[in-house]
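Visitor: With the hints as extra help, turn the sequences into a complete structure.
For reference, the chains in residue letters:
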Amino acid sequence: MPLEDRLTPPSTKPHTSVARVPNAWYVAAIASDLGRKPLPVTILGTPLVLFRTARGTPGALLDRCPHRNVPLSAGKVEGERLVCGYHGWAFDTDGRCQHIPGLVSQLDPDDRARRAPSWPAVEQDGFIWVWGSRDIAPTSPPFRFPELPGYTETRRTVKAPGTMHATIENALDVPHTSFLHGGLFRTAQKKNRITAVVRRYSDRAECEYIGEPRPTGLVARLLSPSGGVVTHFDRFFMPSIAQVEYRLGDDTHFVVTSACTPVTDFETLLFALVQFRTRLPGPLLKPLLEPFASRIFAQDAMMLGLQTDTIQRFGGEQFESTELDLLGPQIWRLMKDAERGHVESADSATVLYEKQIELLT
Amino acid sequence: MPLEDRLTPPSTKPHTSVARVPNAWYVAAIASDLGRKPLPVTILGTPLVLFRTARGTPGALLDRCPHRNVPLSAGKVEGERLVCGYHGWAFDTDGRCQHIPGLVSQLDPDDRARRAPSWPAVEQDGFIWVWGSRDIAPTSPPFRFPELPGYTETRRTVKAPGTMHATIENALDVPHTSFLHGGLFRTAQKKNRITAVVRRYSDRAECEYIGEPRPTGLVARLLSPSGGVVTHFDRFFMPSIAQVEYRLGDDTHFVVTSACTPVTDFETLLFALVQFRTRLPGPLLKPLLEPFASRIFAQDAMMLGLQTDTIQRFGGEQFESTELDLLGPQIWRLMKDAERGHVESADSATVLYEKQIELLT
Amino acid sequence: MPLEDRLTPPSTKPHTSVARVPNAWYVAAIASDLGRKPLPVTILGTPLVLFRTARGTPGALLDRCPHRNVPLSAGKVEGERLVCGYHGWAFDTDGRCQHIPGLVSQLDPDDRARRAPSWPAVEQDGFIWVWGSRDIAPTSPPFRFPELPGYTETRRTVKAPGTMHATIENALDVPHTSFLHGGLFRTAQKKNRITAVVRRYSDRAECEYIGEPRPTGLVARLLSPSGGVVTHFDRFFMPSIAQVEYRLGDDTHFVVTSACTPVTDFETLLFALVQFRTRLPGPLLKPLLEPFASRIFAQDAMMLGLQTDTIQRFGGEQFESTELDLLGPQIWRLMKDAERGHVESADSATVLYEKQIELLT
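Each protein sequence line maps, in turn, to chains A, B and C. Every letter in the first sequence is one number past the one before it in my numbering, and letter 68, counting from 1, is 68. Every letter in the second sequence is one number past the one before it in my numbering, and letter 205, counting from 1, is 1205. Every letter in the third sequence is one number past the one before it in my numbering, and letter 343, counting from 1, is 2343.
Source of the hints: derived by calculation from the structure; they are not laboratory data. All of these numbers come straight from a predicted model, not from anything done at the bench. Hints may be right or wrong, so weigh each one.
Below 25 angstroms or equal to it, Euclidean Cα-Cα: the simulated DMTMM-like pairs (lysine to aspartate or glutamate) are [as the list claims (entries may be wrong)]:
(1) C:K2286 <-> C:D2110
(2) B:K1159 <-> B:D1309
(3) A:K76 <-> B:D1309
(4) C:K2355 <-> C:D2337
(5) A:K191 <-> A:E208
(6) C:K2037 <-> A:D309
(7) A:K191 <-> A:E323
(8) C:K2355 <-> B:D1108
(9) B:K1159 <-> B:D1325
(10) A:K159 <-> A:E123
(11) C:K2013 <-> B:D1110
(12) C:K2076 <-> A:E320
(13) A:K13 <-> C:D2110
(14) A:K37 <-> B:D1309
(15) C:K2076 <-> A:D110
(16) A:K355 <-> A:E208
(17) B:K1286 <-> B:D1033
(18) C:K2013 <-> B:D1309
(19) B:K1191 <-> B:E1208
(20) B:K1076 <-> C:D2325
(21) B:K1076 <-> C:D2309
(22) B:K1336 <-> B:D1325
(23) A:K159 <-> B:D1309
(24) B:K1191 <-> A:E80
(25) B:K1013 <-> A:D325
(26) C:K2191 <-> B:D1108
(27) A:K355 <-> C:D2108
(28) B:K1191 <-> A:D108
(29) B:K1013 <-> A:D110
(30) B:K1037 <-> C:D2309
(31) C:K2159 <-> A:D309
(32) C:K2013 <-> B:E1208
(33) A:K13 <-> C:D2135
(34) B:K1336 <-> B:E1320
Residues from chain A that face chain C, not an exhaustive set, calculated with beta carbons under 10 angstroms [to be verified]:
(35) L180
(36) R193
(37) V197
(38) A301
(39) M303
(40) L304
From the three backbone atoms N, C-alpha and C, an ideal C-beta is built for every residue, glycine too.
Guide: Structure, rendered in structure tokens:
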């Protein structure tokens, strides 16, 4: 009813970098956040309620009671069932209605109309994972986070106000670090000419940086005072995992693995696991690194928010890429092919695309 | 212009339990709230201004000055007229423009273009009532609240974030009281098998509960320590009145009558009058019962809000009823028939529908 | 996705008094507000970034980096360039991309895809002016504010929540002053019959008030204790300037010139210059007059906001004018003709329309 302003910014095609890949596991919550209280979450725009039964089994149902459409997340867990807070209808982890208080007539738990739609849910690596589709059963277990014995670990959850593609492109993008995080990690003075090799496989993409000198920023000098050879890989695993691996000489090894969850088209939750070992003892370094990590994550989230606001304001994206946008286009191709149901049948080891790019760093 | 998220919760038909019945009186305000200051209200989605002239007559006009479309509720009352705050155009309770400051030429108060649309308005039972239609004149006076001499009375206004149907169904629904208001009124242990008789007439519906024992909750035990026969009726009067009548033995008698006003499709104002007598003196009991009543009303409003949020999020309702939903379907039929202009011609005493339902309580 | 309420206020045509005139200069900012930090502004619904280079030249670009669509206003100025805060792309005042950090390949600043659209921008009379169109080059310099040596000046910026037409009509409307600003300036008792002469030219409109007595309000009595002849002109210059000129006898002369900027269809920025001389010394009078001016501007902005809310709520305007609406219809005709590209070819001195109206004041 309210009149919309007739805005006239330069017209932009309504395209956005949104690709929906439902046949995949996504992290729905940190396992320890799911206690006796049901937890409302949204995945791929669908409101779900997570709950954990008395035996500890996780369940994921549509967050809507079939009776009068109140959210089941306003209810409570009793034994193996989630009980609606309005009239007490009780559902098991398969969404079957097992009890309706006051009803004299016989109850059929398989009555479809009384059933709450359910999603596959499992607990793994400290997360509750939910399979994004009700139509196709899970074809594999969730992504396994690296096991790196002796490494120091820290976890972090970031609410990124951007598409899953923009969030992952940002997590794996090198050039922006000199500007957005300028001084913290890389500096704006670009003197070194290095080579990046981009490869796409049927289920992942990666970028290897060759000839990269030790970064000149504060943190890098702290970690590796004597310099040393840098090994640096940025990796994407379909459809939602971003991984940065960094070696500085023999002592320093960082792996940051982020599982991304598309909450809605323009909001992504990023569950990051940072694993590292350095010359310095991890427990000593961890409290020093955390403010640094917080700032990086906050700057990225801020920039993704500005990007999303601009895209929404103009009614679409108009991105102009250069060869420095190394992984973004490959990630987009994999996501979009999967959304269309078109997945290349090559085995996982076959390189489907490879390109070398010169850049200054 | 902003892009909408492409959400994909399970598709739901855009149906909602909204029935608009304009040919009826609705409570627009509590009479004592309408003083010298004009009062903006919304009924059936239409913004109105209520005002009371110097003589005390209530008026209801469209809340928009015909001149430059500012709300008349930003003006003031002068004598028998409501004067716009922008340029001083002055309207009587019929909406006729009686004065335009500065104008030299002759003013015709019956000039339609300068007239503010007006609605019938009367004061009765401590409320200002407005007739919901401009096209059809009132065919009867407003609903009369019960007169119960010697009873203790308390009034309460609740803003319910739900459709008028959902609000009335909630007000007359028994099964939810054990859950949503669990412990306060009824308890979740259901041991008693009772009978409910539902009847629909041409202009109302009712449910009579037969064989109901004294409720086991705290309040019931307080009011009727020795038990006694329960008489319990839930009644609906077209299109907006919900009434619960409860007798416990000879001493205790409660009548809660609620006049509902559809502010917009998903917001309802409920003006409740609670009338009771008990073994205990009313003035003593009233301050004890009020926190209890407040909690009940707040819990119901909260649940209606969650229901509305869920319905709007999914783009429609998908209700699955059982035989325990005693009055809701009958109320819906009466409302929807009236919206369509289809009213059964039977006299008011004829039972058009009757059904007995067994239930546990 | 969320269901909209089916509101049913009386149906209103979706017409609103919005006319978009892009081929004109608009004040984008106060010159002193544009320092080293880029400034986001919106003109005619288009998000722009204003910046000032090291040499002091103002630039106006679309507030969107062509690379990843983040707002350029989140960047910073380096020398003669505006540098994006995400990846460091650097643009000159013509919007040409002059540098992409890390890029090895040759950069062509005239590459259209990498260019940020730019708008003509100049600094004049203490304001940054931006030409509203990218398609047609400026055909004249911006409007010149009056130069009145020896006058006291005060500037004021008002955010008016109304269309540019409603804001200018309000600024040049006499009758509302008795009501909205009642007592401050004119009083509601209207005893004097005066004549107004309205004239429209090809590029402006004016209203001359003949026979107006000294206003009876407090301020007027303060300024001109002995009365005297009043000369009063209200003027509109296409498409965005409102001017009120007031003389009371020989001593008192007020000129209020307001440059309006259509931020969006329903939000207008008004940059006012008040110039005056009186019998009393200006520096002494200025602090006394400012609270008075503040109240006038705040009351007008409040009323424009109520008007806009009502128009949006009803889905359109339905204005009923009288002969007292002296300039509004002439302003609308000039604006609407210009929006349609239809401008009368008469020279600036030719009176295209003239009418005398009697009114009470």
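Visitor: Next step is simple, just say for each hint if it's right about the structure.
Guide: A quick look at each hint next to the structure:
A threshold of 25 angstroms between alpha carbons decides the hint, and for C:K2286 with C:D2110 the separation of about 52 angstroms lies outside it, so the pair is violated. The hinted pair formed by B:K1159 and B:D1309 meets the criterion: a straight-line CA distance of about 15 angstroms does not exceed 25 angstroms. Annotation: proposed proximity of A:K76 to B:D1309 holds, straight-line Cα distance about 19 angstroms (limit 25 angstroms). A distance of roughly 20 angstroms separates the Cα atoms of C:K2355 and C:D2337; the hinted pair therefore holds under the 25 angstroms criterion.
Annotation: proposed proximity of A:K191 to A:E208 holds, straight-line Cα distance about 19 angstroms (limit 25 angstroms). Pair hint C:K2037 plus A:D309 holds up; C-alpha atoms about 20 angstroms apart against a cutoff of 25 angstroms. With a C-alpha separation of about 18 angstroms, the suggested pairing of A:K191 with A:E323 holds against the 25 angstroms cut-off. A distance of roughly 23 angstroms separates the Cα atoms of C:K2355 and B:D1108; the hinted pair therefore holds under the 25 angstroms criterion.
Proposed proximity of B:K1159 and B:D1325 is supported: the alpha carbons are some 23 angstroms apart, at most 25 angstroms. Using a Cα cut-off of 25 angstroms, the hinted pair A:K159 and A:E123 holds, with the two alpha carbons roughly 21 angstroms apart. For a cut-off of 25 angstroms, the pair hint linking C:K2013 to B:D1110 stands: about 23 angstroms separates their Cα positions. Among the hinted pairs, C:K2076 with A:E320 is consistent with the structure: their alpha-carbon atoms are about 21 angstroms apart, no more than 25 angstroms.
Using a Cα cut-off of 25 angstroms, the hinted pair A:K13 and C:D2110 holds, with the two alpha carbons roughly 23 angstroms apart. Under the criterion of a C-alpha separation no larger than 25 angstroms, the hint pairing A:K37 with B:D1309 is consistent with the structure, at around 20 angstroms. Taken as a hint, the C:K2076 and A:D110 pair is broken in the structure, with Cα atoms around 62 angstroms apart against an allowance of 25 angstroms. Note on A:K355 and A:E208: the hinted pairing holds, with a Cα-Cα distance of about 11 angstroms set against a maximum of 25 angstroms.
Annotation: proposed proximity of B:K1286 to B:D1033 holds, straight-line Cα distance about 23 angstroms (limit 25 angstroms). Restraint check for C:K2013 and B:D1309: not satisfied, since their Cα atoms lie roughly 31 angstroms apart, outside the 25 angstroms limit. Distance restraint check for B:K1191 and B:E1208: the Cα-Cα separation of roughly 19 angstroms lies within the 25 angstroms cut-off, and the hinted pair is therefore satisfied. Taken as a hint, the B:K1076 and C:D2325 pair is honoured in the structure, with Cα atoms around 22 angstroms apart against an allowance of 25 angstroms.
At roughly 19 angstroms between alpha-carbon atoms, B:K1076 and C:D2309 fall within 25 angstroms of each other, so this suggested pair holds. Proposed proximity of B:K1336 and B:D1325 is supported: the alpha carbons are some 17 angstroms apart, at most 25 angstroms. For the hint linking A:K159 to B:D1309, the alpha-carbon distance of about 23 angstroms falls within 25 angstroms, and the restraint holds. Of the pairs offered as hints, the one joining B:K1191 and A:E80 holds, with about 23 angstroms between alpha carbons and a cut-off of 25 angstroms not exceeded.
For the hint pairing B:K1013 with A:D325, the CA-to-CA distance comes to about 43 angstroms; that exceeds 25 angstroms, so the pair is violated. Annotation: proposed proximity of C:K2191 to B:D1108 holds, straight-line Cα distance about 21 angstroms (limit 25 angstroms). The hinted pair formed by A:K355 and C:D2108 meets the criterion: a straight-line CA distance of about 23 angstroms does not exceed 25 angstroms. Of the supplied pair hints, the one linking B:K1191 and A:D108 holds, its CA atoms being roughly 21 angstroms apart against a limit of 25 angstroms.
For the hint pairing B:K1013 with A:D110, the CA-to-CA distance comes to about 23 angstroms; that is within 25 angstroms, so the pair holds. Distance hint between B:K1037 and C:D2309 is fulfilled; the C-alpha atoms sit about 20 angstroms from each other, no more than 25 angstroms. A threshold of 25 angstroms between alpha carbons decides the hint, and for C:K2159 with A:D309 the separation of about 23 angstroms falls inside it, so the pair holds. Between C:K2013 and B:E1208 the alpha-carbon distance is near 50 angstroms, which puts this suggested pair outside the 25 angstroms criterion.
Between the alpha carbons of A:K13 and C:D2135 the distance comes to roughly 20 angstroms, so the proposed pair stays at or under 25 angstroms and holds. Taking the CA atoms of B:K1336 and B:E1320, the gap is about 18 angstroms. The hint holds against a cut of 25 angstroms. Evaluation of the A:L180 hint against chain C yields a held restraint, the C-beta minimum of about 6 angstroms falling below 10 angstroms. Because the beta carbon of A:R193 sits about 7 angstroms from the nearest beta carbon in chain C, less than 10 angstroms, this interface hint is met.
Checking A:V197 against chain C: minimum C-beta separation of about 15 angstroms lies over 10 angstroms; hint violated. For A:A301, the interface hint is violated, the least distance from its beta-carbon to any beta-carbon of chain C being 13 angstroms, above 10 angstroms. Here the hint on A:M303 is kept, as its CB sits about 6 angstroms from the closest CB of chain C, short of 10 angstroms. Interface restraint check for A:L304: the shortest CB-CB distance to chain C comes to about 9 angstroms, inside 10 angstroms, so the restraint holds.
In this structure, the hints that do not hold are numbers 1, 15, 18, 25, 32, 37, 38, in rising order.
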